[in-house]
Amino acid sequence: MFLYLRVNLCGMSYNGKLTKAKLVKNDEFYTKMEDVKRVCDRFIPYFKNKIIYCNCDNPNISQFVRYFLDNFNAFGLKAVYTSDIQTKTARFYSSPETYVEEKLKTGEFGSEEALDILSKSDIVVTNPPFSIFRDFFDVLYNSGKKFLVISHLLSISYNNVFPHFVNREFSVAESDHGMEFDTPTLKETKKKLNNCIWITNLPNDYGKVLPQNPDVVFSKDKYETFDNDPEVININRMKQIPYKYEGVMAVPITIIEYYNKGGFELLGKLNKPIINGKNIYGRFLIKLLP
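For the sequence shown, counting from 1, position 139 maps to 626 in my numbering; every step adds exactly one.
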């Protein structure tokens, strides 16, 4: 039988040893204004009287910073803070045109200086480096702050992230299966990444409704099971989910796009599923609610 991964929260902490060497050049993807605006506009009511912290953002380049400065008065912001590893500076905007700049030792999001700024902020909005998202999430979660950040679909499966998602401590604010970024440090100045997601712990009604078609009826000959657990059926696409099926199903990780709308229980992860002796992509385990 598969050992289903149940939710087990444990204390996580930033190791404080990240260096610029860990931020490889091809991890420098800059979010376009059209994407920043499309998603952030849905959360405008929650920005009022708040201090926004863009803690992975060069203020001279970041469209997140530009977005909040352009709308500083319209949103009723209290302040905008920035820090980044490139310029090794922090900026504290009290208005769109007025800021104080402070030199930092590293500019890393988990440094003592950045954590001090984080403690004085209300909402983190940024696009962190995907390669060190595990560390970023620990810093974010331990701060207790609100956030709206970009990540990759697979980050939900990380051991330090997944339990918080299952417990609905944050949700998917949008999924984008072809998001284009500016990449000035690469030969190609633009790059499209598949399976990007925005996640947030702000109030959020985004999500897809899990399909339940009465015409999709379960029968053993239609659904494959796993080599070491014939009781779990494999689902390759959500539209294949049998109507009112009462057993456990292993579904693609894209099920996270449906979780916010409910209708099923997320039981755990299946990291190395095998069917007929062949490995397939990791799956999440779900069960429909009555």
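Please note that the accuracy of each hint is not assured.
Claimed, not checked - Below, simulated EDC-like cross-link-like pairs (lysine to aspartate or glutamate); rule was C-alpha separation at most 16 Å, straight line:
| no. | residue 1 | residue 2 |
| --- | --- | --- |
| 1 | K774 | E752 |
| 2 | K759 | D702 |
| 3 | K524 | D714 |
| 4 | K731 | D692 |
| 5 | K535 | D609 |
| 6 | K774 | E718 |
| 7 | K537 | E589 |
| 8 | K519 | D716 |
| 9 | K632 | D609 |
| 10 | K590 | D609 |
| 11 | K575 | E599 |
| 12 | K726 | D692 |
| 13 | K695 | D663 |
| 14 | K575 | D603 |
| 15 | K748 | E661 |
| 16 | K524 | E744 |
| 17 | K726 | D714 |
| 18 | K709 | D663 |
| 19 | K575 | D557 |
| 20 | K575 | E588 |
| 21 | K756 | D702 |
| 22 | K575 | E589 |
| 23 | K519 | E584 |
| 24 | K519 | D557 |
| 25 | K765 | E711 |
| 26 | K759 | E744 |
| 27 | K632 | E661 |
| 28 | K748 | D603 |
| 29 | K695 | E744 |
| 30 | K592 | D603 |
| 31 | K565 | D609 |
| 32 | K519 | E744 |
| 33 | K765 | D714 |
| 34 | K774 | E733 |
| 35 | K707 | E718 |
| 36 | K731 | E752 |
| 37 | K707 | E667 |
| 38 | K565 | E584 |
| 39 | K535 | E521 |
| 40 | K632 | E667 |
Hints listed in this document are in silico derivations from the structure and should not be mistaken for laboratory results.
Now the hints, each set against the structure:
| no. | hint | in the structure |
| --- | --- | --- |
| 1 | K774 with E752 | 5 Å, holds |
| 2 | K759 with D702 | 31 Å, violated |
| 3 | K524 with D714 | 46 Å, violated |
| 4 | K731 with D692 | 24 Å, violated |
| 5 | K535 with D609 | 11 Å, holds |
| 6 | K774 with E718 | 12 Å, holds |
| 7 | K537 with E589 | 21 Å, violated |
| 8 | K519 with D716 | 45 Å, violated |
| 9 | K632 with D609 | 6 Å, holds |
| 10 | K590 with D609 | 22 Å, violated |
| 11 | K575 with E599 | 13 Å, holds |
| 12 | K726 with D692 | 22 Å, violated |
| 13 | K695 with D663 | 13 Å, holds |
| 14 | K575 with D603 | 15 Å, holds |
| 15 | K748 with E661 | 13 Å, holds |
| 16 | K524 with E744 | 20 Å, violated |
| 17 | K726 with D714 | 23 Å, violated |
| 18 | K709 with D663 | 31 Å, violated |
| 19 | K575 with D557 | 23 Å, violated |
| 20 | K575 with E588 | 10 Å, holds |
| 21 | K756 with D702 | 28 Å, violated |
| 22 | K575 with E589 | 9 Å, holds |
| 23 | K519 with E584 | 22 Å, violated |
| 24 | K519 with D557 | 15 Å, holds |
| 25 | K765 with E711 | 12 Å, holds |
| 26 | K759 with E744 | 22 Å, violated |
| 27 | K632 with E661 | 20 Å, violated |
| 28 | K748 with D603 | 36 Å, violated |
| 29 | K695 with E744 | 6 Å, holds |
| 30 | K592 with D603 | 13 Å, holds |
| 31 | K565 with D609 | 10 Å, holds |
| 32 | K519 with E744 | 22 Å, violated |
| 33 | K765 with D714 | 9 Å, holds |
| 34 | K774 with E733 | 7 Å, holds |
| 35 | K707 with E718 | 10 Å, holds |
| 36 | K731 with E752 | 13 Å, holds |
| 37 | K707 with E667 | 42 Å, violated |
| 38 | K565 with E584 | 14 Å, holds |
| 39 | K535 with E521 | 21 Å, violated |
| 40 | K632 with E667 | 28 Å, violated |
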